[in-house]
Each structure stands twice: as C-alpha cells, then as structure tokens.
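Undergrad: To convert, note that position 12 of the sequence shown is 12 in the UniProt record's numbering; the numbers rise steadily by one, no gaps.
Treat each hint with caution, since some may be false.
[Claimed, not checked] Here are the simulated PhoX-like pairs of lysine-lysine, each with C-alpha atoms no more than 20 Å apart in a straight line:
1) Lys-64 - Lys-123
2) Lys-163 - Lys-123
3) Lys-123 - Lys-156
Treat the hints as calculated values from the structure; they're not laboratory data.
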Amino acid sequence: QKKEGNIKHIGITGHNADLLYNALEQSEELETVQFPFNIIEDGKNERALLKIAKKLGVGTIIMKPLAGGVIPEPELCLRWILQQGVDVVIPGMILSREIKINSSLGNEPRPLSPQELSRLKAKVKPMEQDFCRRCLYCEPCPEGVPIYFIQELGDKVKISAVKDMCQEMYTSLEKNAEDCTECGECEEKCPYELPIREMLKEKHRLLVEG
C-alpha cells in the first residue's frame, strides 16, 4: 500500500514498551512510535524504546504524560517530559485554559530545578507500585465490574478536594468491587501484569472507609 502511494506514513502505538521495541527492530517501515511515558512510567523498557527510536530516526509520540490525570503536579510533569528528548507530547485536556497553559510550556520549555524535581518525585513515590495505566485492556469484566473507573476513583479519592465526590460516585455504581468473583480474567489481559483483584479490594476500602 505504501509503495502504491495509498499510505504515506506508518506509525505504531501500544502500551507495552518491550513489544514496541521489538517492532522497531524488525521493521524499517515505521516512522513514529506512540506509547505511555511519564515520571511514574519511567522504566528500563521505556528508556530502551526512546533510545532505539532516536537511533533509527523514528519520531516519538508520548501519550498519558500526566498518568491519566492522577498526578497533582501537571505543569511539573509536562516540563519533566519535555526534558527527556521526546518529539511530541499529547496530554489530555478538558478546559480551554489547559490548552493555553500546555501550549506555553511547549513553546517555552523550562528545565525543572533540583527542588522542583524533588517535589515531583515525592508526590509520585506512593503511586509507583501497582499503578493502573488506564489502557482498558482488562475490560470488559464478565461480571460487569467497571474496573477502570474504580481504579480511577480509588486514586483520586486520596485528593481531599474531590474525596466526597469520588465516594458518592462509587456508592452510586450498579456494580462495584464487591461484585468481583476473582475469576482472574482481567489479570490475564493486563499488559502490565498488575494484581487487579487485590487492587480492587484496596480501592473499595479507600472508597468506602476513607
């Protein structure tokens, strides 16, 4: 198709950095690679992917730079990302003012100071273990449990400003974590091999008991 002129450019996207690395190694057709990368998802596989992409001249497109919006320092997160030698960053935005703020950060990037970096790392340290990347590969649950939504509420309930709202939204769900039968189907589908069943129990505790 590309030789015939029907396709001009070919890129690849995914949530598994190791698989994407292998794809870049095996194909000379790929021009861009899109993957999650942020200060939480900053492991050896992500770094290896960035390195090989740069070596091959493949453009890097970063999704989920704010870790699904759960990190409470979005400006610092974006400034950190822009220091990592990536080509394009695509943060999710809801409000028009967020577009202006994010654009200004890209137009005039400023490296983080040592103090800012320490502050950011302190914020994300408690989140690094068992962090849900919101890829939705675990769904649908055969019992109808909204796994992704519960994970999101369970993370955001820790933010005092929205705690009550998160707890109210959880109690209004038709199905919640208590409806999990522990079949394990979600864990088999998770590309990050997360202990989803145990995570749901913990999120339920946070959302019910506070």
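Undergrad: State the violated hints by number, sorted upward, taking the hints as numbered earlier in the document.
TA: none
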